[in-house]
Amino acid sequence: MGYPHKPHPKETLILSKHFGEADARTYKGWVKRGGYEMLAQALTMEPARVTDIVKESGLRGRGGAGFPTGLKWSFMPKEKKKPHYLCVNADESEPGTFKDREIMRWTPHALLEGAAIAAHAIQADVVYIYIRGEFTEPWTVMERALAEASAAGVFGAIKIHLHRGAGAYICGEETALMNSIEGKRGNPRIKPPFPAAAGVFGMPTTINNVETLAVVPLILKKGAAWYKGMSLSSPKSTGTKLFSVCGHVQKPGNYEVTMGFPLKDLLYDLCGGILPGRTLKACIPGGSSVPILNREETESCLLDYEGVVEKGSMLGSGGVIVFDDSTDMVYQIMRLARFYAHESCAQCTQCREGTAWTTKILERILAGQGKTADLDLLLDLAENMTGKTICVLSDSCAAPVVSGIKKFKKEFEDYIAGRRKPVMVA
Amino acid sequence: MGVLELLLINHPLDCPICDQAGECELQDFTFQEGRPATRYSPDYAKRFNPVEDFGPDVLYVPNRCILCTRCVRFMEDVAKEPVLNVSERGDRAYIGIHSEGRLDHPWAGNVVDLCPVGSLLSKDFLHKARAWELDKAASICTGCSQGCNITLDTRENVVVRVRPRPNLEVNRYFVCDHGRMNYRWMNRGDRIEAPLVRRDGDLHATDWDEAFAFVASLVRGAGGKAVALVSPRASTEALFFARELFRGQEWSGAFQVVMGEEAPLAGVPNLALRAERAPNARGAELLGYSRDYAAALAAAETAAVVLVLDEPDIAVNTAGALIYVGTVLPERARDARAVLPIANVAEEEGTFVNRDGRAQRYFQAKSAPGMARPAWWVFSELVATLGEQAGGHVATAAEAFDRLAASVEAFHGLSYTRLGFAGAPVPTAPAVPA
Numbered sequence: 191m192g193y194p195h196k197p198h199p200k201e202t203l204i205l206s207k208h209f210g211e212a213d214a215r216t217y218k219g220w221v222k223r224g225g226y227e228m229l230a231q232a233l234t235m236e237p238a239r240v241t242d243i244v245k246e247s248g249l250r251g252r253g254g255a256g257f258p259t260g261l262k263w264s265f266m267p268k269e270k271k272k273p274h275y276l277c278v279n280a281d282e283s284e285p286g287t288f289k290d291r292e293i294m295r296w297t298p299h300a301l302l303e304g305a306a307i308a309a310h311a312i313q314a315d316v317v318y319i320y321i322r323g324e325f326t327e328p329w330t331v332m333e334r335a336l337a338e339a340s341a342a343g344v345f346g347a348i349k350i351h352l353h354r355g356a357g358a359y360i361c362g363e364e365t366a367l368m369n370s371i372e373g374k375r376g377n378p379r380i381k382p383p384f385p386a387a388a389g390v391f392g393m394p395t396t397i398n399n400v401e402t403l404a405v406v407p408l409i410l411k412k413g414a415a416w417y418k419g420m421s422l423s424s425p426k427s428t429g430t431k432l433f434s435v436c437g438h439v440q441k442p443g444n445y446e447v448t449m450g451f452p453l454k455d456l457l458y459d460l461c462g463g464i465l466p467g468r469t470l471k472a473c474i475p476g477g478s479s480v481p482i483l484n485r486e487e488t489e490s491c492l493l494d495y496e497g498v499v500e501k502g503s504m505l506g507s508g509g510v511i512v513f514d515d516s517t518d519m520v521y522q523i524m525r526l527a528r529f530y531a532h533e534s535c536a537q538c539t540q541c542r543e544g545t546a547w548t549t550k551i552l553e554r555i556l557a558g559q560g561k562t563a564d565l566d567l568l569l570d571l572a573e574n575m576t577g578k579t580i581c582v583l584s585d586s587c588a589a590p591v592v593s594g595i596k597k598f599k600k601e602f603e604d605y606i607a608g609r610r611k612p613v614m615v616a
Numbered sequence: 004m005g006v007l008e009l010l011l012i013n014h015p016l017d018c019p020i021c022d023q024a025g026e027c028e029l030q031d032f033t034f035q036e037g038r039p040a041t042r043y044s045p046d047y048a049k050r051f052n053p054v055e056d057f058g059p060d061v062l063y064v065p066n067r068c069i070l071c072t073r074c075v076r077f078m079e080d081v082a083k084e085p086v087l088n089v090s091e092r093g094d095r096a097y098i099g100i101h102s103e104g105r106l107d108h109p110w111a112g113n114v115v116d117l118c119p120v121g122s123l124l125s126k127d128f129l130h131k132a133r134a135w136e137l138d139k140a141a142s143i144c145t146g147c148s149q150g151c152n153i154t155l156d157t158r159e160n161v162v163v164r165v166r167p168r169p170n171l172e173v174n175r176y177f178v179c180d181h182g183r184m185n186y187r188w189m190n191r192g193d194r195i196e197a198p199l200v201r202r203d204g205d206l207h208a209t210d211w212d213e214a215f216a217f218v219a220s221l222v223r224g225a226g227g228k229a230v231a232l233v234s235p236r237a238s239t240e241a242l243f244f245a246r247e248l249f250r251g252q253e254w255s256g257a258f259q260v261v262m263g264e265e266a267p268l269a270g271v272p273n274l275a276l277r278a279e280r281a282p283n284a285r286g287a288e289l290l291g292y293s294r295d296y297a298a299a300l301a302a303a304e305t306a307a308v309v310l311v312l313d314e315p316d317i318a319v320n321t322a323g324a325l326i327y328v329g330t331v332l333p334e335r336a337r338d339a340r341a342v343l344p345i346a347n348v349a350e351e352e353g354t355f356v357n358r359d360g361r362a363q364r365y366f367q368a369k370s371a372p373g374m375a376r377p378a379w380w381v382f383s384e385l386v387a388t389l390g391e392q393a394g395g396h397v398a399t400a401a402e403a404f405d406r407l408a409a410s411v412e413a414f415h416g417l418s419y420t421r422l423g424f425a426g427a428p429v430p431t432a433p434a435v436p437a
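Line by line, the protein sequences give chains V and R.
Each residue of the first sequence is one higher than the one before, starting from 191 at the first, in my numbering.
Each residue of the second sequence is one higher than the one before, starting from 4 at the first, in my numbering.
Keep in mind the hints are simulated off the structure, nothing from the lab.
Some hints could be false.
Using 16 Å as the maximum straight-line C-alpha spacing, the simulated EDC-like pairs for lysine to aspartate or glutamate come out as follows [stated by the list, open to error]:
{"#": "1", "chain 1": "V", "residue 1": "Lys-597", "chain 2": "V", "residue 2": "Glu-486"}
{"#": "2", "chain 1": "V", "residue 1": "Lys-222", "chain 2": "V", "residue 2": "Glu-338"}
{"#": "3", "chain 1": "V", "residue 1": "Lys-349", "chain 2": "V", "residue 2": "Glu-338"}
{"#": "4", "chain 1": "V", "residue 1": "Lys-600", "chain 2": "V", "residue 2": "Asp-564"}
{"#": "5", "chain 1": "V", "residue 1": "Lys-374", "chain 2": "R", "residue 2": "Asp-80"}
{"#": "6", "chain 1": "V", "residue 1": "Lys-374", "chain 2": "R", "residue 2": "Glu-79"}
{"#": "7", "chain 1": "R", "residue 1": "Lys-228", "chain 2": "R", "residue 2": "Glu-253"}
{"#": "8", "chain 1": "V", "residue 1": "Lys-374", "chain 2": "R", "residue 2": "Glu-91"}
{"#": "9", "chain 1": "V", "residue 1": "Lys-561", "chain 2": "R", "residue 2": "Asp-46"}
{"#": "10", "chain 1": "V", "residue 1": "Lys-596", "chain 2": "V", "residue 2": "Asp-570"}
{"#": "11", "chain 1": "V", "residue 1": "Lys-349", "chain 2": "V", "residue 2": "Glu-333"}
{"#": "12", "chain 1": "V", "residue 1": "Lys-599", "chain 2": "V", "residue 2": "Asp-518"}
Assemble the whole structure, with the sequences as input and the hints as a guide.
Laid out in structure tokens, this is it:
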């Protein structure tokens, strides 16, 4: 990671090698760095061959779910009877995550090249890059890069469109994103049908994260074995991953490490440790939607899909939120719940009403008016919000609440018993 | 805990003043499955939004809304006029209407039926009756030739509401606003309540026996040509016995149909408010009545006897005997030799044949005023009085229909029982191309 900090020796720079180099944003600068070679080569290859290479590399989706990318591409119909589409999810709206923003800011051509290769692999004619509405700088960079690369004619018959979101968190959910591209309200759709059967405009569609696609040209260049070889722990998690670290560390920012890297080293070495005089209290390892880890779990956690699950959380999008001992966990959890209550699309009752009710209960506890029964009520609510809705937004609201009550119950009880000064939240 | 508890936390629970109470899905499910008490703190405010005027007959009460989006989807997918949407997010969400749009589609009233709670209300029915005070009767809409299946809701012998009755072959689950509002005339108070016969130059009330004898003598003594001017809103059975009355005589019969604008429901094939605003024109045609009304009017001038069946706007001049059979007595019919009171569609049983040739039954919703009787009974008794009735008196609508089916070729093979609630195609009546 070259920006804003100098790369740390323990980092593995694959995606972030050119971060901070203004020249890399231009088409000429990117070609000088070896860009678009692999696209030209891929366009001469059989689409199935490209998919096979990605499959062999073990690359998994970097958007949060960690689904094997090559496998996802192979779900697309082999015989093309309808137009195929590729959607690029650049609606990076998960609180705590800011890796795609940096990829688009510094290496827009890596994304464009990867997207074009993926489009070839799934026989898509049209690519939609759905960029988060709040991303102004990445938008202008991407716009310029796309204009330059299109003028150079590198994409062949593949047409790439940029689509700007309007600022809804839920539009990062793949089917909501497709509705949004179609000009409809960004409501998630019921699956099945899955996007590979009926996606955007009802046509077979693949949707990938920015980080996933940006690494595809490098996999083609250096081979599947090279990528597969980068793994420190579980062989099921390969390659590198960008982690966006924020919160109470000395050097927050994006760090690129090999899969299986210890979370402890990421926080204490790469990020320079917790703020002076403070100690680690808790950590959310994969963006705001995943369960919270306490200090012991954090310090023993290995950063790959399996390692984080072992600790009871998820790798998610790699947005690491760090809390030190000065943190009021009840307030933090209320703040997360309030975010989800604000962003719920209102389709499913459990989510529409449940997120708002959860927030109200947490606000009441903070205000010193909580009751002992409120904790059970919160857990019961969370139970009803998990696995019962169209998308996982309500699960995401329930996850921090459940793990927070389990791991920091004393803080809740202190508020309820009046041992803590009430916090009035507006 | 469950979805019901979550649905109720923002629901005002104003059932005592809500029109939907008694026929509310949320209320029913809560009675069946719900918790006796909520765990939602009484200190929390519920979502509040003011009542909105959505269209000519639709009010939106957002506080009761559970955001099922049936109305949004109906307007988008069925009516194909997407004026509604879900506005805002999370628990702040409500049903929004296009800033320049109105819910004035000719079929928009269906959103009121689709709404599972009391959120979308009919202005026409607002605070008219509680659901449990209503009696319901299966009927057929008389608004046009589509023949939509409906339910007539009555309260204390007064029709207060029309709602669609599902029939996948005819109207699916819908009825248009024209049909929905087409019921007030069923409650008219200025009805003929007794048979009237002309004696010494004046019309005198009498009983049915005398009236039948009087009219039979008119028909028998006429000798010459007979003309029947009938309403295409009369039942098939009435039209049949009105035809039987002049069996063996020189006869011509005709009807006229009021025309209006056609209004299709875009998302459902072959469903529209039809231009032809009468329910039984097809049935009249099958029984030999002509659409050439002008010719029949001309023929009436020289006819020996003219029968008018429920045509209040009648403009007929005749030298012969005028017999008026109807629900109300128009000024022109005061010249009649005899006036016979009949029941309207809500007060009798019978059948209509819709434009596609489907015979459908309607049932009695309320009682007829005074001595008014179903028109098929009146005509069948007249036929019996003339002594030409094979098989004697007709006591029920079923007998009337079965006699029709036995003697008119187009209806052969149909039986009243088999028509049931859904109706059946008339065997030899090919569908009219749309």
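| field | Which numbered hints fail | value | none
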